[in-house]
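S.K.: Protein chains in written order, with my numbering: chain A, 1 to 251; chain B, 1 to 251; chain C, 1 to 251; chain D, 1 to 251; chain E, 1 to 251; chain F, 1 to 251; chain G, 1 to 251; chain H, 1 to 251.
Derived by calculation from the structure, the hints in this document are not laboratory data.
Errors might be hidden in some of the hints.
[Stated by the list, open to error] If you want the ones that stay clear, here's a sample from chain B, every Cβ over 10 Å from chain C, calculated:
1. 36
2. 108
3. 193
4. 237
[What the hints assert, rightly or not] Partial pick of chain F residues on the chain G-facing surface, computed with a CB cut under 8 Å:
5. 31
6. 89
7. 92
8. 144
9. 197
10. 229
11. 243
12. 248
From the three backbone atoms N, C-alpha and C, an ideal C-beta is built for every residue, glycine too.
8 protein chains.
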Amino acid sequence: MSESIRNLLEQVKNGQVSVDTALLKLKTKPIDDLGYAQVDLHRVVRQGVPEVIYGAGKTGEQIVGIISSMKANGQCQILITRLSPDIAVYIQKKYEMTFVESAHIGYIGDIPIQKTKSSIAIITGGTSDYKVAEECAVTAEFYGNKVERVYDVGVAGIHRLLQNLERIMSAKVIVVIAGMEGALASVVGGLVDVPVIAVPTSVGYGTSFGGVAALLSMLNSCASGVTVVNIDNGFGAAYMANMINHIGESK
Amino acid sequence: MSESIRNLLEQVKNGQVSVDTALLKLKTKPIDDLGYAQVDLHRVVRQGVPEVIYGAGKTGEQIVGIISSMKANGQCQILITRLSPDIAVYIQKKYEMTFVESAHIGYIGDIPIQKTKSSIAIITGGTSDYKVAEECAVTAEFYGNKVERVYDVGVAGIHRLLQNLERIMSAKVIVVIAGMEGALASVVGGLVDVPVIAVPTSVGYGTSFGGVAALLSMLNSCASGVTVVNIDNGFGAAYMANMINHIGESK
Amino acid sequence: MSESIRNLLEQVKNGQVSVDTALLKLKTKPIDDLGYAQVDLHRVVRQGVPEVIYGAGKTGEQIVGIISSMKANGQCQILITRLSPDIAVYIQKKYEMTFVESAHIGYIGDIPIQKTKSSIAIITGGTSDYKVAEECAVTAEFYGNKVERVYDVGVAGIHRLLQNLERIMSAKVIVVIAGMEGALASVVGGLVDVPVIAVPTSVGYGTSFGGVAALLSMLNSCASGVTVVNIDNGFGAAYMANMINHIGESK
Amino acid sequence: MSESIRNLLEQVKNGQVSVDTALLKLKTKPIDDLGYAQVDLHRVVRQGVPEVIYGAGKTGEQIVGIISSMKANGQCQILITRLSPDIAVYIQKKYEMTFVESAHIGYIGDIPIQKTKSSIAIITGGTSDYKVAEECAVTAEFYGNKVERVYDVGVAGIHRLLQNLERIMSAKVIVVIAGMEGALASVVGGLVDVPVIAVPTSVGYGTSFGGVAALLSMLNSCASGVTVVNIDNGFGAAYMANMINHIGESK
Amino acid sequence: MSESIRNLLEQVKNGQVSVDTALLKLKTKPIDDLGYAQVDLHRVVRQGVPEVIYGAGKTGEQIVGIISSMKANGQCQILITRLSPDIAVYIQKKYEMTFVESAHIGYIGDIPIQKTKSSIAIITGGTSDYKVAEECAVTAEFYGNKVERVYDVGVAGIHRLLQNLERIMSAKVIVVIAGMEGALASVVGGLVDVPVIAVPTSVGYGTSFGGVAALLSMLNSCASGVTVVNIDNGFGAAYMANMINHIGESK
Amino acid sequence: MSESIRNLLEQVKNGQVSVDTALLKLKTKPIDDLGYAQVDLHRVVRQGVPEVIYGAGKTGEQIVGIISSMKANGQCQILITRLSPDIAVYIQKKYEMTFVESAHIGYIGDIPIQKTKSSIAIITGGTSDYKVAEECAVTAEFYGNKVERVYDVGVAGIHRLLQNLERIMSAKVIVVIAGMEGALASVVGGLVDVPVIAVPTSVGYGTSFGGVAALLSMLNSCASGVTVVNIDNGFGAAYMANMINHIGESK
Amino acid sequence: MSESIRNLLEQVKNGQVSVDTALLKLKTKPIDDLGYAQVDLHRVVRQGVPEVIYGAGKTGEQIVGIISSMKANGQCQILITRLSPDIAVYIQKKYEMTFVESAHIGYIGDIPIQKTKSSIAIITGGTSDYKVAEECAVTAEFYGNKVERVYDVGVAGIHRLLQNLERIMSAKVIVVIAGMEGALASVVGGLVDVPVIAVPTSVGYGTSFGGVAALLSMLNSCASGVTVVNIDNGFGAAYMANMINHIGESK
Amino acid sequence: MSESIRNLLEQVKNGQVSVDTALLKLKTKPIDDLGYAQVDLHRVVRQGVPEVIYGAGKTGEQIVGIISSMKANGQCQILITRLSPDIAVYIQKKYEMTFVESAHIGYIGDIPIQKTKSSIAIITGGTSDYKVAEECAVTAEFYGNKVERVYDVGVAGIHRLLQNLERIMSAKVIVVIAGMEGALASVVGGLVDVPVIAVPTSVGYGTSFGGVAALLSMLNSCASGVTVVNIDNGFGAAYMANMINHIGESK
């Protein structure tokens with residue numbers, strides 16, 4: 001994120017510059033209207049991270065068009081989520097893009113070498129939660145976070161969780177990813193003293209109702225300090241965890 | 001339960017007597033038709049425990065009528081569930097009945113002094129699950145079981161559960177009673193090697209949906225060996241636990 | 001299950017050895033961390049049966065890896081549920097595995113020749129419940145139980161049920177499997193005096209809602225002694241029935 | 001119903017008179033507009049039974065107004081359903097009305113002495129279904145039907161049902177009223193060869209969801225010949241049963 | 001249906017023969033146990049129509065086996081519903097069977113030439129309800145009923161319904177089949193004085209929820225005399241309509 | 001609404017004045033911050049009608065405070081919806097307010113004498129929909145509309161609707177208010193050529209689910225030109241109808 | 001629409017001609033019964049726009065048949081919605097039809113050159129709502145409306161919306177199309193003073209439940225003047241918007 | 001919180017002391033078993049804040065008992081949520097407790113004078129969300145946070161939100177509390193670059209379904225960085241916000 005913009009925003013926060021004045025300064029082409037999409041070029045200004053391309057339901061042509069617009073406007077780090085292998089191949093013909101198939105994520109630019117000092121722990125209940133976990137992990141790494149993966153430690157064998165407690169408790173923020181009954185979020189939430197972001201997954205059958213059972217379980221957690229995102233929303237959890245993990249980090 | 005009837009049924013099971021012949025022998029007044037109710041006097045024959053009076057939605061007069069019919073037909077141990085204090089007082093004017101208000105249960109006859117050697121452990125997630133737990137415990141005791149109460153050991157503070165593990169693991173069958181996210185059933189199910197009967201309770205608010213969140217959690221338990229009964233159905237869990245706990249007990 | 005471990009656990013139950021001491025003794029490699037899975041090698045210690053591989057959502061490579069880990073750690077009897085024919089073929093190239101396609105189950109090692117003296121009765125409402133019933137039956141047999149299959153005796157023709165009553169009533173525990181309105185569980189529950197485990201199936205259309213109608217029917221059974229597992233969860237019912245059926249069996 | 005109107009309608013059915021002509025003839029004040037209600041004075045013409053007053057949500061004044069309009073237009077037999085005791089008292093000050101509190105029904109005029117030769121059997125699962133059953137029974141009797149009440153014969157004790165089979169099988173149409181899991185409808189539907197109208201009741205708790213469990217059970221009945229009405233709709237079942245029971249009766 | 005059996009049943013109804021005696025007489029092989037199915041050979045005795053084969057979820061081999069059993073036991077008129085074209089071809093290699101693809105119905109034996117004098121009207125809201133309507137119509141014709149088809153007369157253009165009123169009002173019983181909002185059932189129910197059986201269909205999108213919107217609409221019909229069957233259950237409606245339509249017909 | 005503000009807005013619409021300039025001009029105290037509420041004094045500018053006070057969940061003190069703020073800022077016509085009689089009395093001690101109890105509406109200022117030339121027809125299915133209908137009617141009248149009330153013309157007696165067709169068809173926009181199955185919206189929608197706004201009401205029982213059945217029915221209407229508002233939202237329907245009815249009216 | 005018919009209807013509205021007389025005049029072949037469909041040839045008379053062919057669930061043959069009937073009866077402008085590419089090709093062999101694949105719409109005849117003076121604004125939250133938006137836009141254009149497309153201006157970047165405010169505020173009626181949380185409808189509804197028709201789309205995953213989240217959001221909009229249509233019902237929104245947009249237009 | 005315990009935990013985090021050793025040190029009476037509750041005296045050790053007493057469903061006696069236990073074990077700052085006025089009075093007879101009725105919160109000990117430097121912004125959509133907001137605000141203040149209240153700025157008048165942007169954007173974490181359609185969470189989430197915790201409230205009627213509409217809206221937020229807690233769970237949001245707000249604060 002360009003420092004000049006940050007400075008401007010700092011002045012807004014300090015009251016040195018009014019919001020209106022700042023908005024004026026920022027008004028040089030904040031949106032690129034492609035017809036099929038209005039690329040939000042100022043999101044990096046407003047929110048500290050560039051706009052992410054949600055790949056689901058977009059054609060390869062559309063995604064390439066959005067990437068072109070972003071690159072033409074100086075954005076070098078681009079993340080595309082929910083990207084199918086076919087469309088990934090299409091994009092790679094035009095742009096140098098890394099595709100992480102297990103996470104359904106493509107990205108342009110490099111994952112930062114210098115990571116945060118503090119880490120995000122990503123914990124899953126079972127092997128089947130892998131895809132959602134990797135969507136979360138790769139997103140967090142793309143945003144410069146140190147990530148601690150602790151997979152397949154669901155409550156059916158709670159000693160697996162207890163044996164990994166030290167790795168988990170050293171994190172600044174924890175993402176718990178679980179399907180079926182999603183009990184892992186409550187157990188972890190009861191053991192740690194950092195924010196827990198719970199991601200219900202659609203893993204399960206019958207009355208799991210595509211993740212609803214896990215979602216309700218997490219929303220009703222008897223442990224405090226647990227908040228929840230949409231079913232299978234690994235990206236959303238990573239986004240929130242990234243914001244928390246960067247608090248207090250020297251820039 | 002009269003031994004002659006038991007003998008008859010044993011012969012049926014052994015193939016010495018056909019079901020039809022047995023049914024014939026049992027046909028002396030199996031039902032007492034009170035108009036408002038058909039009292040099932042042979043349930044003790046068919047199912048080993050006398051018919052239970054479900055008190056909800058019955059008037060005091062109706063319950064007294066049913067008790068009269070049962071006593072007139074030689075049944076001395078009578079259990080009435082979901083009994084309101086008002087109606088309990090009404091019944092107590094006619095019959096000597098013990099009323100356990102915390103469990104909403106009344107019973108006529110004594111809780112057996114001689115208990116089973118093995119025990120049923122009844123575990124709750126929180127203090128608010130007390131009523132359901134007592135409905136379960138009193139029913140189990142009425143049927144002659146040794147009961148181990150382990151209350152308020154929910155997963156938000158899992159060390160409370162772990163500190164009680166020895167009491168829990170010595171039971172022959174376990175009833176887990178929890179509201180909110182109901183995660184306790186999975187955690188217990190993953191730790192023990194005896195049948196676990198899970199009772200979701202309506203404790204909670206918002207998306208607990210009157211116990212549905214806990215119910216779904218329990219139905220989707222990642223731990224094997226967990227079966228589920230209706231929300232707040234402490235009686236049903238006790239009934240099942242009683243059957244299991246009596247297996248292999250000498251009579 | 002090795003007798004030494006059982007002895008240790010017996011001492012724990014008797015209070016001769018504390019839980020902590022026992023856990024210490026058991027700590028030789030309780031988990032094998034494969035990265036994609038943490039194989040729980042001590043489940044046989046904790047729960048009396050070895051960990052089962054839930055095949056759904058795992059690749060052939062992953063399942064083979066888990067089998068390798070289990071075999072390397074001395075586990076000879078291995079059960080894989082929800083296994084697709086394709087992956088079964090893949091596994092069979094590496095290991096000698098029996099595949100029961102109708103039950104979507106594969107197993108390594110032999111089904112025990114010596115069965116329990118008492119039996120588990122598995123009853124279905126219709127022909128369409130066959131797959132779930134076989135998942136239940138094969139699992140039960142793999143765990144050494146005598147199984148009595150009574151299929152297609154739904155309440156639309158209740159004489160079919162009544163004609164099989166003697167076979168049903170000789171069981172120590174009964175599994176009732178039914179889709180559509182699931183009424184069979186209540187009718188059976190009202191006739192017998194042993195535990196009934198009800199399995200709703202996704203058989204039906206329209207308002208069966210993929211098994212929800214049968215599930216609700218079973219949870220609200222007016223007969224006592226009926227507990228319920230997740231929709232189509234034949235394995236779970238077998239697991240519970242196996243625990244009950246083994247009570248009082250000489251080892 | 002006046003014979004002249006019936007003749008007219010017969011002619012319409014036979015094609016002797018066109019619908020338009022007939023409608024013209026019937027147009028003398030078919031509706032009485034009271035402002036708060038449009039009293040349908042021709043329903044007896046169209047549907048063979050006079051309009052019924054649905055008492056719920058109407059004030060005493062409104063119901064008295066509607067009765068006045070009906071009486072002024074020559075209607076002598078008037079049925080009011082879902083009537084509260086308070087409003088019943090209010091009405092009885094103005095009109096001679098019989099109030100059947102257990103059925104929440106009031107009626108003006110007499111229940112016909114001469115009944116149909118064939119009967120409607122009304123069967124309930126339990127004592128708690130009594131109110132809905134009486135709403136059904138009184139309505140059916142008000143419309144001149146012979147009614148056979150068979151209460152409290154739910155499937156938890158199926159011999160209670162079997163012992164009443166002869167009474168049930170002699171009916172021309174059967175109404176089955178049950179809450180909880182509503183299995184009675186399927187069992188009866190599988191035993192008889194006459195139309196079965198199923199009424200789910202809101203009796204139950206937890207996952208009975210106010211009658212939804214019984215409703216789904218009845219809609220998914222594996223027995224053919226079962227149709228369903230709204231939860232607790234005893235009146236609707238009686239209305240349908242009355243139409244069927246009158247087929248073939250000499251007038 | 002053989003007259004001797006009918007006579008026997010008539011005697012049961014008249015009280016000349018007890019149910020037990022009659023059952024005894026009927027006990028020659030009431031069920032043929034094929035392993036995968038228990039063919040109910042006495043359903044014609046109990047319910048006046050032979051057992052129907054529900055084709056969904058059965059293999060061609062299984063259906064052929066059931067047909068063989070039925071034919072071997074003297075049943076000549078056989079109906080198979082929910083039959084896929086592939087399996088129909090398979091069956092036709094073994095037996096002479098008429099396959100009505102639009103209705104997903106196959107039948108062996110002839111549709112009776114002599115029909116009932118009274119008719120069943122089958123009314124649909126739109127063209128898309130055709131398949132369900134034909135399942136209903138063919139079933140009704142197979143059972144010997146005169147059928148009046150009145151298709152595509154939904155309430156969006158109510159004059160289409162009104163123009164067909166005479167055809168509709170001449171029926172003894174009416175089946176209303178509609179998806180989307182299912183309003184047609186209420187409108188017809190308010191116009192006629194014969195029983196109306198409503199069939200919600202899964203036609204629609206979005207909040208039609210696969211027929212639930214139409215189902216709820218029909219269950220809450222403000223018109224009396226409307227009962228409901230499961231979504232898309234054209235067969236069930238025909239079965240009920242057939243029973244009603246045959247009342248009072250000379251045999 | 002002050003003409004100067006309207007002129008300003010007209011200039012904005014014509015492009016003579018930019019939105020920014022206009023907003024600047026309007027910035028004199030657009031909000032009055034009462035602590036418990038931020039009174040939106042410019043809504044009349046933005047939306048043509050003054051802010052409405054939603055009375056539910058507000059104390060008498062709060063409502064009086066908001067009224068004071070509005071009056072102090074020159075707003076003379078004030079509407080308060082969902083107002084309980086108790087709080088109405090409280091307010092009337094401070095301000096001259098008309099309270100229409102049947103509609104749960106209070107208003108300050110007069111209902112305009114001069115009405116629109118075109119009218120809004122408000123149609124209900126039954127008498128029980130009265131309160132919602134009056135909330136709609138009084139709101140519409142308060143906004144200066146001519147209102148045509150056509151109550152209790154539900155589809156169970158469709159001739160009641162047909163007899164009022166001329167009154168209905170003369171309206172410029174129609175509000176259809178119905179509970180139970182809500183079929184009236186579709187029938188009206190199929191007969192007229194003006195916008196129909198459908199209001200589901202919570203009238204009904206059982207599967208009406210507090211208005212959900214009617215809501216789904218209306219959302220799935222097979223008639224085009226029907227849009228829907230929240231259950232019981234008479235105010236919202238009036239608000240929309242008012243906007244449509246004023247199009248083309250000379251000011 | 002032929003002027004003579006309009007005149008007739010005007011006379012009906014003015015009371016110069018009664019509804020009955022008018023209906024008589026219009027009775028020359030109002031319906032063409034094709035067996036599989038009853039083509040409503042008078043809908044243009046009743047509702048101002050010709051009947052639209054809902055393509056989903058109809059065969060190519062059926063659609064061609066309906067088109068033939070419409071053309072034979074003088075209808076030149078024909079719209080077919082939810083049309084698949086395959087069937088479109090089939091129809092184009094018989095008739096000159098324009099197919100707009102992105103909107104799944106086919107039409108015969110030309111989109112009117114002369115548009116309304118006022119416009120309909122169609123606003124979407126994201127790129128994925130494109131199909132529903134185009135169904136809406138093409139329908140509106142086919143009915144002669146000027147359409148303003150404002151796509152991809154969801155609330156995640158609200159400045160995109162604010163920058164398009166002038167285009168939006170110049171419309172006479174606005175259609176807001178959004179999936180996910182559907183918040184755009186409330187934000188737009190709070191900013192404008194014209195009718196807003198909200199279309200929830202099935203865009204989203206997990207708890208979007210195929211559009212239900214957006215639907216509920218829109219039904220509960222805290223902004224007044226928002227009405228809602230079925231999920232993905234772009235056509236229905238266009239139909240309503242067309243009616244509103246034509247009010248006050250000179251013909 | 002005692003510094004020695006903190007030091008111990010720091011050593012655990014740094015790996016200087018193992019978890020096991022630390023747990024050993026902490027084992028002096030971690031739980032006080034009151035029979036009806038197991039007071040968790042070490043939660044301050046595990047989670048940095050003392051155990052909170054959830055008042056709902058507990059008697060005054062029970063709460064007083066728990067307070068006594070906590071005070072006897074040296075805990076001076078005690079928070080009781082969901083406390084009814086009656087029970088508050090009861091407690092105040094025994095202990096000096098501040099009761100904030102609007103927040104249904106009681107607390108013993110003082111709200112810290114020294115607050116965090118950074119603040120938590122608490123934003124509500126409307127006046128009716130006040131109680132939930134105050135539960136959140138008082139909890140946050142009790143934990144030592146600076147709180148910025150921004151109430152009644154819902155999206156129906158988005159300028160109210162925009163005018164408060166500077167106050168909102170200066171916070172380190174934001175809690176958005178809204179009922180009805182809950183759109184405020186998405187709009188705020190799209191404007192800021194700090195974590196947003198969304199609290200759906202049960203404010204609304206009809207299809208708000210007691211907060212479900214707002215919950216779904218928030219879970220499906222198109223803005224990133226929004227996580228969600230249970231309906232009306234102001235405490236839970238404050239708990240999470242407190243953890244985030246304290247990151248990087250010097251102690």
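S.K.: Hints first: check each against the structure and report whether it holds.
M.R.: Checked hints:
In this structure residue 36 of chain B is separated from chain C by more than 10 Å, as the shortest Cβ-Cβ distance comes to about 17 Å. Look at residue 108 of chain B: its CB is around 19 Å from the nearest CB on chain C, clear of 10 Å, so calling it non-interface holds up. With a least beta-carbon separation of about 4 Å from chain C, residue 193 of chain B fails to lie farther than 10 Å from that chain, contradicting its non-interface assignment. With a least CB separation of 8 Å from chain C, residue 237 of chain B falls inside the 10 Å interface cut-off, contrary to its annotation.
Hint status for residue 31 of chain F relative to chain G: violated, with the closest Cβ pair at about 13 Å, above 8 Å. For the restraint placing residue 89 of chain F at the interface with chain G, the shortest Cβ-Cβ distance is roughly 27 Å, beyond the 8 Å limit, so the hint is violated. At its closest, the beta carbon of residue 92 of chain F sits 25 Å from a beta carbon of chain G; the interface hint therefore is violated under the 8 Å criterion. The restraint placing residue 144 of chain F at the interface with chain G is violated, with a minimum CB-CB distance near 15 Å, outside the 8 Å limit.
Against a cut-off of 8 Å between C-beta atoms, the interface hint on residue 197 of chain F holds, since the closest Cβ of chain G lies about 6 Å away. Because the beta carbon of residue 229 of chain F sits about 5 Å from the nearest beta carbon in chain G, less than 8 Å, this interface hint is met. Given hint, residue 243 of chain F at the interface with chain G, holds; its Cβ is 5 Å from that chain's nearest Cβ, closer than 8 Å. Because the smallest distance between the Cβ of residue 248 of chain F and any Cβ of chain G comes to about 3 Å, under 8 Å, the interface hint for this residue holds.
In this structure, the earlier hints numbered 3, 4, 5, 6, 7, 8 are contradicted, and the remaining ones agree with it.
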